[in-house]
Amino acid sequence: MGKFDEIHARSVADPEGFWGEAAEAIHWSERWDRVLDDSDQPIWRWFRGGKLNTCYNCLDRHVKDGNGERLALIYDSPVTDTVRHYSYRQLRDEVARLAGALAARGVGRGDRVIIYMPMIPETAMAMLACARLGAIHSVVFGGFAASELATRIDDCRPKMILSASCGIEVARVVQYKPLLDAAIMMARHKPERCLILQRPQERCELAPGRDEDWQEAVAGAEPADCVPVEATDPLYILYTSGTTGQPKGIVRDNGGHAVALKWSMQNIYGVEPGEVYWAASDVGWVVGHSYIVYGPLLSGNTTVLYEGKPVGTPDAGAFWRVIEQHGVTTLFTAPTAFRAIRQQDPEAKLLAGYDLAKFRTLFLAGERCDPDTLEWAQKQLKVPVIDHWWQTETGWSIAADCIGIEALPVKPGSPTKAVPGWRLEVLDPDGKPMGPGQVGAIAGRLPMPPGTTPGIWNGRERFVKTYLTNFPGYYETGDAGYIDEEGYVFVMARTDDIINVAGHRLSTGAMEEVLAAHPDVAECAVIGIADALKGQVPVGFLVLSAGVNRPHAEIARECVAMVRDRIGPVAAFKTAIVVQRLPKTRSGKILRRTMRQIADGEDYKLPATIDDPAILEEITQSLGGAGIGRKAG
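Residue numbering for the sequence shown follows the working numbering, beginning at 596 and increasing consecutively.
If you're looking for bench data, these hints aren't it; they were derived computationally from the structure. Mixed in with the good hints there might be a few duds.
What the hints assert, rightly or not - Label-pair ranges, simulated between beta-carbon atoms:
| # | residue 1 | residue 2 | range |
| --- | --- | --- | --- |
| 1 | S624 | D600 | 30 to 38 Å |
| 2 | D600 | V769 | 43 to 51 Å |
| 3 | G948 | D633 | 54 to 62 Å |
The beta-carbon is built from N, C-alpha and C at its ideal position, and this holds for glycine as well.
The task is simple: from the sequences and hints, build the whole structure.
In structure tokens, the structure reads:
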């Protein structure tokens, strides 16, 4: 048994001893009563009775330990031609003043604050300022559609919203304020105040009595001290795609989150305090929460906050420039980014112009990494390329090659083995464990390790029903795959209708709800089809109401516009196809999986329960007419 296997075995045999030791690396105002509390089954809680402040552990403790001049954050923005550096002391002082401004306006422990901002340092400061006060932040991806923002406002009922006048894209400026105003108008709950950061690229009008200028508010504020909170108190709410209807706000607690993320930086990513770590994501997603803001700062690393793209800012060498300029040792990004780079620079000729001497590891996650992309990155970078698997719900890795413990051989297509704290099994529909190589539902035995979600905001019953009911005693990941004889995990597909577009999990059901609202649409289905760049993209199928004789192309364009307006451009919804009917089972279930197999050009077995097999040929022809699938060739 190797070192990794020994550590993993201990973590599942003695979770309290294992994570109790890991927790000694965190500063606690009061120690916990119990490492693992099982009194609220089937939900387990970590470090019950302990008190701490996450912002103190990210910033103040490093200053107190004599590392205040160490570089904490590098802001690199090719879209505004800006680079700024913040030491731990500078970042601590900026966050304390912003927290003081929030506190002066009534924000305190347990209050919710929505952050609707671009990739700028003030966004990270806003998250940390909320944590400093014990307030609960909910970051909503900047530029998200107003209707989506409105649902989040109504769900978490924020006391305040922090926003900016605009976001900067490669070729345009996105005005945030009109979207924010529209969302507040739609929402039943109205925030008391909004703090608006005016960016020089696009200033905005402030609503009298509600909106305040960010800079003016912070300039006159007294710095705020850290407020100790319970380990089990929420740190943040992060909304993720689910089925249609009420949004699903994943809750992260303070204690387990701090322990797990600090442990992961050394043990999974293999980085030491003072080294430069870059997660090329967005703080609107869980990767940005865990590994742009909290993980690196808890660990005493320098984190890079990048306002740009892998290509187009200015070219496919953008990542290499950042790695060289800032001495990045470890990069964490999505396979989509490397597909985009490879698409524009297949021979990696731009790489030759940069010195990546300090760079030693590339981590990929957010979607399944296809072997071709992994092998291309290995060939060009000549460093370990590590695929790892985790979810918004888990907050950090479920399976990974923990190079800080022991680098294991890479198997393309696999995120390696379950990390310490996770006991993964593949289950059949009845919840019985399956053998090596057999495909089924991947589930984790309870308790999940610290840092994973203890629930959904305003939804204990929903949390239990969604994740803990189908397979009692397990967390249901919603992913399907298999585990081989050596314990390597292979994640093959979602077990529900969530699709993965460029690393963003999106609900096809939510898109179907939008399409169904079109007055000419009687029935619809959305599937995710394979895409060389984004991993998956959605395609909609529309069955029109009887008597509709408008041009099909016109209806399709309207439906595409509706989805982009209500879900947002992140959905990458560009194709809607009018069909005569949808393939179904005799019980009326739409055969989405079979449709996806046809679209992806895969072999498929005719479902035994199909109502009318001829419909599949019609679907094939419709896809071919749209340039998708075998008929397109």
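For each hint, the structure was consulted:
1. S624 <-> D600: 30 to 38 Å: 36 Å Cβ-Cβ, so the 30 to 38 Å window holds.
2. D600 <-> V769: 43 to 51 Å: Given about 48 Å between the Cβ atoms, the range holds.
3. G948 <-> D633: 54 to 62 Å: holds (56 Å)
When each numbered hint is compared with the structure, no violation occurs for any of them.
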